[in-house]
Amino acid sequence: MPVDTSRWPNYQEADFILRDYRFASGETLPELKLHYRTMGVPRRDAAGKIVNGVLLLQGNTGTGENWLRPSLADHLYGPGQPLDARNYFLIMQDALGRGGSSKPSDGLRGAFPRYRYRDMVDSGYRLITEGLGVGHLRLVIGSSMGGMHAWLWAEAYPDLMDGVIPISCQPVQISGRNWLGRRAQAEAIRHDPDWKGGFYETNPRHYIYGAAGNFGTESPTRIQEMAPTLAAANELYEKRLAEAAKGDANNQLWAIEAIMDYDPEPGLDKITAKVMLINDQEDHANPPELGTVERAMKRVKNGRYVLIPAGPDTHGHFSHFYAELWKPYLIEFLAELGPAHAAAAQ
Amino acid sequence: MPLRFWLAAIMLALAAPAFAQEGGGKVNPADWPGYQTGDYVARDYKFTDGQTMPEVKLHYRTIGTAKKNASGEIVNGVLLLQGNTGTGDNWFRPTLADELFKPGQPLDAAKYFIIMPDALGRGGSSKPSDGLKGNFPHYRYHDMVDLTHRLVTDGLKVAHLRLVIGSSLGCMQQFLWAEWYPDLMDGSVGLSCQPVEISGRNYLLRHGAAEAIRHDPDWNNGNYDKNPAHYQYASAGNDLPESPARIQEEAPTMAAAKALYDKRLAQIQKRDANDTLYELESIYDYSPEADLPKIKAHLLLINNVEDFADPPTLGTVERGFKKIAHGTYVLTPYGKDTHGHFSHYYAALWKPYLVKFMAGLPPAPAGK
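Chains as they are written, first to last, in our numbering: chain A, 1 to 346; chain B, 347 to 714.
Simulated from the structure, these hints should not be mistaken for lab results. Heads up, a few of these hints could be off.
Partner residues aside, some chain B positions facing chain A, computed with beta carbon under 7 Å [said to hold, decoys possible]:
no., residue
1, A412
2, K413
3, A416
4, D529
5, D532
6, S545
7, H553
8, A558
9, P590
Covered stretches of chain A (chain B as the covering partner; in silico rule of three or more C-beta atoms under 8 Å from a C-beta of chain B) [unchecked claim]:
no., region
10, 54 to 66
11, 164 to 171
12, 191 to 202
13, 209 to 216
14, 225 to 236
DSBU-like cross-link-like pairs, simulated, lysine-lysine; straight-line CA separation at most 35 Å [unchecked claim]:
no., chain 1, residue 1, chain 2, residue 2
15, A, K196, B, K609
16, B, K669, A, K239
17, B, K414, B, K457
18, B, K572, A, K239
19, B, K604, B, K642
20, B, K616, A, K246
21, B, K572, A, K196
22, B, K609, A, K246
23, B, K609, B, K413
24, B, K572, B, K403
25, B, K457, B, K642
26, B, K457, A, K239
Think of the CB as a built atom: it goes at the ideal place given N, C-alpha and C, for glycine as much as any other residue.
Work out the full structure, taking the sequences as your base and the hints as a guide.
Below, the structure is given as structure tokens:
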């Protein structure tokens, strides 16, 4: 469904090119492209730097346009809403490896650099600072993968933002069931007989049959409502299979494996921004009983952890796509965030 | 200990690596009173899909002490139904046997005649890897229950069961036993399942696992010489029956999680693809909800709050239980000793409910 962007002030899309970009692995790309969209009203300091930025970081699938889904946009950016586009400069990039940003399927295929979260955060930082001239962010909000990135942003650039809101994630090394599930998806692609080291002519199709059954991101209760009988569940499987068949195997594989350097826990005490982590009780990737969040939050100076209970409108991990579920916490958080960066108040 | 027990113990020790993959050793079955194994053969058996087999074998083990009626039929049977993986030997895990079968324990082998079959498709029972491979009949739960009923009544001459207890696959099948043979048992106990049609996330995952085998380029409609190996990479990541908190303890770092993945992959590589596929697909006829009102036995279902296959938020159990005349549903909370779906393997977690349930059962029919 096409998104109507005309309702947003100053909506723009563009590409930012990083030349001779060097990845953490040592691999390089002569041109690394990051596609992005911005909207809202920038405010600038004396040096001309934007000081009212709000950075929105996407999850693993889709693009930066995820943030314009009605279940997010209709609740967040309108007049009087918490991220009112008249007051903020909102930045939504396509994560490296997705959408209009550089990715294996652009042509390099199996030779595309093995990017990791570190590269994604670093290149995103250069986009907003060098490309967009942002000097200060009021907020970084990220969901799922973007939530994990938000932790890394707060650690790497502690003075850049006032507040950080990761949604549907944990600030600990990728491990446990979460890693088992991801590794299996990656290995299924690597061992697809048609994958050929990433240099296939037609997209490999053996790996998609297992992947189509893994709907770990949705609440099991919502899945049961969608598929209350075997026949309905079979249809849902077929639909997911058709979707999985459309994806590019390399893009998927690179996206899955990018997480392998995610280990934010030791750096949590570097964070100076105010932090609010919002998770859902039914999040398959981040079950609350692990105790990992409680352990890690002890190292965050100014952190709050909100756990949304399962209810008739919650969506497990995907609750991050439904702002109605977490907007009240966002409003509280903004009210307690304190004055904006001095320059922004000018 | 008599010599033959020692030999059995040594053989069990030799077999230990195979058992280790199930997570936990086994007590020595031969240490239990009356331990016996046997095979029951059903001849010219016609499966619900129309296929027939001249001989279908069910392997089983029994322990305990049979009480018989005037016609010589056993009336103090306890039928224990296994989950999807392993064999009837699962019940000899120390976390079950040492909690259940000893003197004074709820299934005291001095009082009951306890039957533990290998489910059709597993262990010593008939299965695709015996030789028919892709030509093995596509058995369903219906066939599994019917065949086991023949083993119990025709093979072992059991006229009455004090209890049926089943976990996971066996839990779903105890609902079917209670519906189809309502006068056969006094009580029926299910661990880790739901009394509704296979659907929702549970179906998606199983179907995905089955389809991954069917689309393995080496599967060849089941008629392979070398076990297909492509499908295993995805299934090694599905450690869903275990509590995510226990997995996190086992794999608190990426390196430890990698090692766990590799260990699981090695275990899966030992399993036959057809056997696994048939197991997965046998559930496709599971739809017990409509017949729940036929159940006469007292019925106890014990699920764990972290059960991935049966999340309590679904509301399906509550819906199903409205149709059961004498039903009790217990949901065990999360704790540092719980294991999600696999909580069924740890009798210490649910034994108190079993004891209470047995105390409330109507008197057993008079035997001799």
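Hint check:
1. A412: Result: violated, 40 Å to nearest chain A Cβ.
2. K413: violated (41 Å)
3. A416: violated (45 Å)
4. D529: Since the shortest Cβ distance to chain A is 30 Å, the answer is violated.
5. D532: violated (32 Å)
6. S545: holds (5 Å)
7. H553: holds (5 Å)
8. A558: holds (4 Å)
9. P590: Check passed: Cβ of P590(B) comes within 4 Å of chain A, closer than 7 Å.
10. 54 to 66: violated (count 0)
11. 164 to 171: violated (count 0)
12. 191 to 202: Three-residue rule met by the region 191 to 202 of chain A, so holds; n is 3.
13. 209 to 216: Three-residue rule met by the region 209 to 216 of chain A, so holds; n is 7.
14. 225 to 236: Coverage by chain B holds here, the residue count being 9 at a Cβ distance below 8 Å.
15. K196(A) / K609(B): holds (25 Å)
16. K669(B) / K239(A): holds (33 Å)
17. K414(B) / K457(B): holds (12 Å)
18. K572(B) / K239(A): Cα-Cα ~32 Å, so holds.
19. K604(B) / K642(B): violated (49 Å)
20. K616(B) / K246(A): Between K616(B) and K246(A) the Cα gap is close to 33 Å, so the pair holds against 35 Å.
21. K572(B) / K196(A): Holds, at roughly 22 Å.
22. K609(B) / K246(A): holds (32 Å)
23. K609(B) / K413(B): violated (45 Å)
24. K572(B) / K403(B): holds (25 Å)
25. K457(B) / K642(B): Given pair K457(B), K642(B) holds - Cα atoms ~23 Å apart, limit 35 Å.
26. K457(B) / K239(A): Not satisfied, since the Cα-Cα distance of roughly 53 Å exceeds 35 Å.
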